[in-house]
Amino acid sequence: MNTTVGEILSMVDGRLLRGDESAVLTNFAALDQADADCATFYGNEKYRDQLEKTRAGLVLVADERHEAPGARAVALVANPVIAFDLVVRAHGALPPAFVPGISPGAYVDPEAELDPATVSVGPNASVLRGARVGRGSRIGAGAVVAEGARVGEDCQIAPNVTVCHGCEVGDRVILHPGVVIGADGFGFEFEKGRHRKIEQLGIVKVGDDVEIGASSTIDRARFGETVIGEGTKIDNQVQIGHNCFIGRHCIIVAQTGISGSSRIGDYVVIAAQSGVAGHLTIADRVTLGGRSGVISSIDEPGGTYFGYPARPFKEERRDAMRVKQLGNLLKRVKDLETRLGDARD
Amino acid sequence: MNTTVGEILSMVDGRLLRGDESAVLTNFAALDQADADCATFYGNEKYRDQLEKTRAGLVLVADERHEAPGARAVALVANPVIAFDLVVRAHGALPPAFVPGISPGAYVDPEAELDPATVSVGPNASVLRGARVGRGSRIGAGAVVAEGARVGEDCQIAPNVTVCHGCEVGDRVILHPGVVIGADGFGFEFEKGRHRKIEQLGIVKVGDDVEIGASSTIDRARFGETVIGEGTKIDNQVQIGHNCFIGRHCIIVAQTGISGSSRIGDYVVIAAQSGVAGHLTIADRVTLGGRSGVISSIDEPGGTYFGYPARPFKEERRDAMRVKQLGNLLKRVKDLETRLGDARD
Amino acid sequence: MNTTVGEILSMVDGRLLRGDESAVLTNFAALDQADADCATFYGNEKYRDQLEKTRAGLVLVADERHEAPGARAVALVANPVIAFDLVVRAHGALPPAFVPGISPGAYVDPEAELDPATVSVGPNASVLRGARVGRGSRIGAGAVVAEGARVGEDCQIAPNVTVCHGCEVGDRVILHPGVVIGADGFGFEFEKGRHRKIEQLGIVKVGDDVEIGASSTIDRARFGETVIGEGTKIDNQVQIGHNCFIGRHCIIVAQTGISGSSRIGDYVVIAAQSGVAGHLTIADRVTLGGRSGVISSIDEPGGTYFGYPARPFKEERRDAMRVKQLGNLLKRVKDLETRLGDARD
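Protein chains in written order, with our numbering: chain A, 3 to 347; chain B, 3 to 347; chain C, 3 to 347.
Be aware that one or more of the hints could be misleading.
Heads up, the list lumps identical chains together, so a pair's fine if it works in one copy or across two of them.
The list that follows gives simulated cross-link-like pairs (lysine to aspartate or glutamate, EDC-like), each with its CA atoms no further than 20 Å apart [unchecked claim]:
| hint | residue 1 | residue 2 |
| --- | --- | --- |
| 1 | Lys55 | Asp301 |
| 2 | Lys55 | Glu66 |
| 3 | Lys199 | Glu232 |
| 4 | Lys48 | Glu191 |
| 5 | Lys199 | Asp156 |
| 6 | Lys336 | Asp15 |
| 7 | Lys199 | Asp87 |
| 8 | Lys333 | Glu302 |
| 9 | Lys316 | Glu201 |
| 10 | Lys333 | Asp321 |
| 11 | Lys333 | Glu318 |
| 12 | Lys316 | Glu302 |
| 13 | Lys333 | Asp301 |
| 14 | Lys55 | Asp37 |
| 15 | Lys194 | Asp286 |
| 16 | Lys199 | Asp268 |
| 17 | Lys48 | Glu193 |
| 18 | Lys55 | Asp39 |
| 19 | Lys336 | Glu9 |
| 20 | Lys48 | Glu66 |
| 21 | Lys199 | Asp321 |
| 22 | Lys333 | Glu317 |
What the hints contain is simulated information worked out from the structure, not anything from laboratory work.
From a predicted model like this one, the values you see are computed outputs, not experimental measurements.
Kindly produce the complete structure, drawing on both the sequences and the hints.
As structure tokens, then:
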């Protein structure tokens, strides 16, 4: 963006408390990241400390007493969160508008089912035989919805996504670029010195309101379904093995892998770079810390686990502490040896 | 699917031992995952325990004495494995049939070599100048076979795969969506405060019968070849660095990374999320446990390694045990201190 | 390649010191990887040891005294590095020549800005409305430059890359296949039992001379910018979260993840499979060892860190050593117990 403090104030109906109306702003950022050319806002008491330190070009506040000594300008608005949102929406990188129709260069098979009046298919996207796409959905440039796959309503299938044959995607699902839904599960039988492929004849079923991050991969089931439960949010570069059953409203952070046939409950939170071995169960509302490696089932709901192998947070922490204090223990043993030597003399 | 117990029995020539012929089944699953709406089968004595517990809608068994007390229906068939396979093939998500020809919207360069009578090129796929594709191979929608690359016979190159210029893919190779064969190796020289690119002029050579999972990346060699040996199976999101030499019939599980110039023997098994540092050698038939991190060569064939740095399984296990017992050791030392205090009094 | 020792010598103006001019060579490789059918070179004293051991078909050397007893042929040239480079360029997999123009099957929106006389757009690539591509840049087959995105001059945007709407890529940037620039950051608010999406309205800004490896993903900012600093090189399958600020001339090796809003200094080196938690700062010239997991800021420039949680290399090493010696410590405690028992008797 390229605007002035004054232009922002007139947009959000704000009153300048301090600073220069003609100062130019070129960006917006969070309180702790805003430089002198950035607009920002103070919307939550818990960031009071950041308000004191910010060097922003303009801070929107709700109270005259909210001083920001390091900022170049401070302005009063009714609701800083809403006001800032207005500014961002006026100047930010809004997602491109939805334009229904089939773009030049897109391929929609004659036997695919979609209504060009209500679906948007980008250039060089491919919707193959027997595929169905619901109204209000957008298929990005270069994306592929393969044979017999279904995409529900109001979905955003980003560029270069692949939804493989027969897989099912619910309503209001967001798949980011590079996502692969329904590649074959990794299954082989070792026979006469070679790995013979076990056919993977199931599908992936992605529930409503799921979001899956860039380059994540969800494998199809051996038979039956790999399931991603309604409302679950998956970050980038996550790998979900065949026949996994992921519950509803889970959060799975980047670069995590879940091996085949594991069942994850509802409201489970798995932090980044974690791993879950195959054929395990994780109970509802369990939280796994970053880089956890789960190698046995967690049956009790609601706990927090950590480490590899993952254990209750306190246990893991205690052992880590003890390792740190090994130097001290060593010294105590040495001391005992000396004293015992003395004692025996 | 949507079928009845009776319909399945007539398809597989089965005899109902118990249950209701008109019961509706909507899915199939493994013995331990089958719900009341699922057909399943009992094909191997080692799952006896699961047979006792299953709550499946229908279990196919080979012997009248194989009771499944929790199942809704049990039926006798000659060979449960074959019978179940029949059911799955009738109702499962079979891969789309091979249809030779160049789809609308595909680009095949006039200087590419492929026979449209025996090769299938999907919509919006690109086969560039000098590329060659062998008979029976399928190039998926949106896939790219770049300049001078070769794809052998009977390969399945899935949608949105990239085979970069000059790389060679053998016969019967399966590349899942998003795979990248032959991106540049990561090589730079630090010079006057900047990283100067070292040109990567080699290729990747993928052997016959290799399968590579979704979004895995195999880098081209600095010069010469990065090699994936015949029959090796690679899971999703695996990264193989430049000039690696991976042996034959290896298994490399998801999210593993192998750094540049390492040599992996034949029949090596590397479990998920492992890492191998650069310029190392791993002997034939070595197994690496999940999340192993190998930082020095393993010259002895056939062992099992674990941990980071990876060590023989027993050593790693023993140390992990000792850490767990640190609390106990601490107590013993404290006790000694007390007793020694007493002893000296 | 398929050439003879003699043909190579005439190309590089070399003199045969030992071996057969008519011997056939089919490949080239580094000194330690060259087989009997490979040409190689000896260009640096530090590989003296490899020179002694090499079994190459031909070694190019700069000095008659540089014997390679295991090689089949040795030849003298003025500068082995330059000579070998000549051979490799004559026979290697050179990147395809730059041919400006819009390929058949490519889609360039009428409202995109690019000069077909100076830009190359591959088959089935898509350059969407409002996108701009600078002169000398190449957009690979199947790549997508989305609405309003900017690609600078002399860039190489490989096949199947996605540059999302509004994102900005500098000059001389290389994006390898499958890279995703500008997918949404992973941000949700938990509200009434569901995760509500926080709109991600910022962009990604990739500096000049950046290289990003296959299938790496850089998320757009919540608002403002996710920044990749000038000259930074990122390997394959790296994940950079929203609002990260990566400095200039950094090296980030494969499968590393950096969580949202972290700030990485200049000349930072992060080895493979590392992780950095969110909202942290890492000072200039810090080095992180392979698989480091950083969970608190590193404020001091130039140090080397290791482990999870990452600590100064020496501390981490020392604790690892102490764990290895636990068996010994245990024995010493047992011994003390025995002796103290004796002492008290």
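Contradicted hints - numbers only: 6, 8, 9, 13, 19 and 21
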